[in-house]
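K.L.:
Each chain, letter by letter, is given below.
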Amino acid sequence: MTERVAIVGVGQTRQERNKVYDTFADMVYEATTLALADAGLSIDQIENVVSASNDFWDGRTISSMAINDACGSYDKNISCVEGDGTFAAFYGMTRILSGGYDTTLVVAHSKGSESVSSHITNAMFDPLYVRALGLDAISSAALQARRYMDRYGVSEEQCALVSVKNHGNAFRNPYAQLPLRLTVQDVLQSRMLADPIKLLDASPISDGACAIILARESAARKTPKPPVWVRGVGYCADAYHLGDRDLAECAALVQAARKAYDMAGVRNPRKQLDVVELYDAFTYQELLWTEGLGLCGPGEGGRLVESGATQLEGDIPVNPSGGLLSAHTVIAAGLVRIAECVLQLRGEAGERQVKGARTALAHGVNGPCGQSHCVWVLGV
Amino acid sequence: MGPAANPTVSGCWACEAGGSHPPIEDGGGFVAVDLSCHEVLKMPNRVAIVGTGQTHHCTRRLDVNGVELIYEAVGRALEDAELKMKDIDGVIIGNMDHFEGINYVDCWSIDGSGGFGKPTMKLTTGGTTGSTLAIAGYHMVASGMFDKLMVIGWEKNSESDTTGAITTAFDPIWDRLVFAGAISGLAVEASVYMATFGVTERDAARVTVRDRRHACLNPYAHLRKEVTIEEVMNSPRLSDPLKLLDLCPRTDGACAVIFASEHVAEKICPKPAWVLGTANRHLYTYLGDTDFVNLPSLRRASQELYSKTGIREPLKQIDVMELYLPYSFAGLSWIEALGLCKPGEAPRLLWDGVTDLGGELPINPSGGVISCNPIGATGLIRCAEAALQIMGKADKRQVPDVKIALSTGFGGCFWSDILLYGAKKPQ
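Keeping their order, the protein sequence lines are chains A and B. So the first sequence is numbered by numbering that gives the first Met the number 0: it starts at 0 and just counts up by one. So the second sequence is numbered by numbering that gives the first Met the number 0: it starts at 0 and just counts up by one.
Think of the hints as simulated: they come from the structure by calculation, not from any bench. Backbone N, C-alpha and C fix where the C-beta goes; we use that ideal spot for every residue, glycine too. Careful, some of the hints might be misleading.
Derived pair list, reagent style SDA-like, types lysine to any residue, alpha-carbon separation capped at 20 Å [stated by the list, open to error]:
no. : chain 1 : residue 1 : chain 2 : residue 2
1   : B       : Lys85     : A       : Ala238
2   : B       : Lys307    : A       : Lys258
3   : A       : Lys258    : B       : Asp86
Quick list of simulated restraints, FRET-style, between CB atoms [said to hold, decoys possible]:
no. : chain 1 : residue 1 : chain 2 : residue 2 : range
4   : B       : Asp62     : A       : Thr32     : 43 to 53 Å
5   : A       : Pro223    : B       : Ser306    : 24 to 34 Å
6   : A       : Asn17     : B       : Arg59     : 34 to 44 Å
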C-alpha cells in the first residue's frame, strides 16, 4: 500500500431481537448518522459509499435499493458488496487507495427477525446434492464442531466457557442484545439444536446496522478523533463442498491472517495484538478461529479459553463486546467487530475497555463453516 | 501503511534534489518513511483489461450448471490472456441471487471461478451488477492490492422467473403492488419520452433493427437474426408502447474480464485496454425518485466521467460505445443523456446511420443487450466488448482504429454505471 488509510468514524445501532419499528432504511440511517457525527463530518464530505447487504436475508432482490437514500448516497458513487461487512470495508478501502476518493462510508445491515434463517442458510448449499439433506447454518456447524472436537479432543465444557465469557462481556456493551449470567452447566443443559450445538452454543437472531467511515491520511488528520490506522488486511476463500475441506482446520483463515499480519508487521499475534473481535457464530468457532489466527496452536483453542487468557482481563481478550453470541446481525456482524476495535483503540469502549489497547484485530466470515475469512489489523 | 521498520533514506533516486526521507514515528511503534514529497508514489496504479472471455449464450444452457457456465467464461479469459489460474491473485463475482436461488454465490462458485485459496468477493447491484463489477475491478487493482484480478458476471435466467424476482426489489408496502418489475417501468419511461419530444414507436424500432443487425456479426450474441422495422412494429404488445422486439431477451451466460496493473498489463497483452475513468449513480429508491426524461442517473454519471477524463464532445472524441440498452427507446433517450445530441434529437442520429457500424460513432457493434442479456453478466459484457474494440480483437464487428471506448450498465431502478477506456496508457 502506498498510502495509509484510517477509520475516522463508527456508528452502530443497538442490536435487538426484533426492531419492529425500524425498516432496513431506518437502521442504516441511524448507523450512518452516528458514524458521521463520530467523524465530525457532514454527508456532503463523504465522497462515496459502499453498502453491504444480502438479497436472501433481506428478501429483496437488489437489496441495496432499499437503503441507498438512507446512507446518503444520492448523487454519489456507490457500490454494494453482498457479504459480510468486513469484505465491504475492504472494497471501500481500495476505492481510497485507487486514488478515486478521499473518504468512503461503509454501511451494513441485517434483520434476522424478518428472515427464516434455516431456509436462507439452506440456500447456501448445492441445490442438487446437499440442499435436500436439510443442511443449514446450524446443522453444518454441528458437523464442523463434531469434527473439530474429535480431531483435537476439545470438550463441550470448553465450548461452553466461550458462551459464559461472551454473554458475560455483553453486560458491559450497551449495543449487545443478550447479556446473560451463565454457568457452564446452564450451557450444557440448554436445548439441543444439532448435536453437539446447544441453544447457548449458538448466536441469536438479531436486527441491527453498523457504519464506518474510512479516509486517506490527509483527510483523516483533519477529523476530531485520533485516526485508527488500517495496519493490515487480508481475505481468502476455502473450498466450497464441506467434504473437500478438513473442517477441523481453517486454512483460509490462516492465509487471510498471514496476509494481514505480513502487511502490519505482526510476527507474534498473541503478543502484539491487544484485543481481538472475531466472528463467533457458535462457541466452537471462537476456539477454532483463535487457532487460525495464531493466538494458540492447532487444537489448543479449548485450553486457551480455559486459561482465562481470552477474558477481558486476560492477556489476549477475545470479544469483549460479547461477540456474535450476544448479537448476530449477520451481514453487519463483521463490521460491528471493526467498529468495536476502533472504540477499543480510541479508549472509548466504556466498561468493556481493554486497558492500553494499541493494536486490535477484527474478523468477518462468509459462507458455510467459515469458508471465506476477512482479517483486519488496526492500530493507533 | 509503511514497512514495519525502515531507516531514513537519503539520496533518494526519485527526488529531484536527491532528498532524504525522515522516518515517521506515529507513537505505535510503527515506523514508516515519509514519502509525502513523492507525488509519483502517491499516484494509484494505472489499470488495463488484458483478457476477456464470454460463454456461448442462449435461452437455456441445459448442457452446463451454473458453476460450469462460470468456468466456461473464466477458462476463455485465461486463454485469451495466456495466463493460468495460479497467476490470478483475486476473484470478484456477481449475479442476482433470486434468479438462481443460490445464496453466497462467491462461496458456491469457487470450483468454477478459480477462487479457491484466493481473496474472493461478491458484488451485486441488480442489472448494474456487471458494470459494478468492472468498476470494482478497476478500483481493486488501482489500489495496488492486486496485480491480476479475475472479474466474473453470470446469470442463468432460464432457472428464474425474471419479473417475479425483480418485483421483490421494490418496497413491499409502497411500491411492489403498484409499480414494480422490469417491463412496466420502462414502458412508463418510453411513454413520457414520446410525449415530451414527439418521438414515435418507429423511431425506437430503428434501435432494435441496428442492434439485431450488428448481432449477426458477433458469435457470442444470443439472437443472431436481423429484424425489420415492420417486424418490430407487428410483434406482440407487452406493455404499451413496448412490444416484444423492443425488449431484450432472457439469456443464460457468463463473462469474465481480467484486470491488470500497469506493472504487468503490457507484458500480458500487447495492446491492453486502459481504464480511463469510472462513475455511477444509483438514484432511485422509491417511485417518484427519478425523472423519466433522459435518465438523470446516466446524465449525472456521464457528466462526472467526462469532466474527470477531459471529454468535451463525446460524439467526436469517443470512437465506439457499448451501451446497456435493455429496450429500444433507451437507444434514443439515453444517448441524449450521454450528450451525443440535444434532448429529442436522437431519432435523427439513428435514421442517419450515425450509430451504425460504419457510422461516425458506432453503438453496440456487439448487438447489445437487445440481442443478448444474461443479466449479471450483461454490464460486464459491455466492458469486455469495449475492451475488445480497443485491443483490435473484435473480428467482424471491429470498428477501425478505436482509441477511446465507453461502456455503461443499467439496472436497479433507473440506475447507471459508466466506464471509459483508452488505447493509450493514461498519463
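K.L.:
Hints first: check each against the structure and report whether it holds.
P.N.:
Status of the hints after comparison with the structure:
The straight-line distance between the Cα atoms of lysine 85/B and alanine 238/A is roughly 15 Å, inside the 20 Å bound, and the hint therefore holds. Of the pairs offered as hints, the one joining lysine 307/B and lysine 258/A is violated, with about 34 Å between alpha carbons and a cut-off of 20 Å exceeded. Note on lysine 258/A and aspartate 86/B: the hinted pairing holds, with a Cα-Cα distance of about 17 Å set against a maximum of 20 Å. For the pair aspartate 62/B and threonine 32/A, the beta carbons lie near 51 Å from each other, so the given range of 43 to 53 Å is met.
For the pair proline 223/A and serine 306/B, the beta carbons lie near 32 Å from each other, so the given range of 24 to 34 Å is met. Range check, asparagine 17/A to arginine 59/B: Cβ separation about 42 Å, and the 34 to 44 Å hint holds.
Hint violations for this structure: number 2 only, all remaining hints satisfied.
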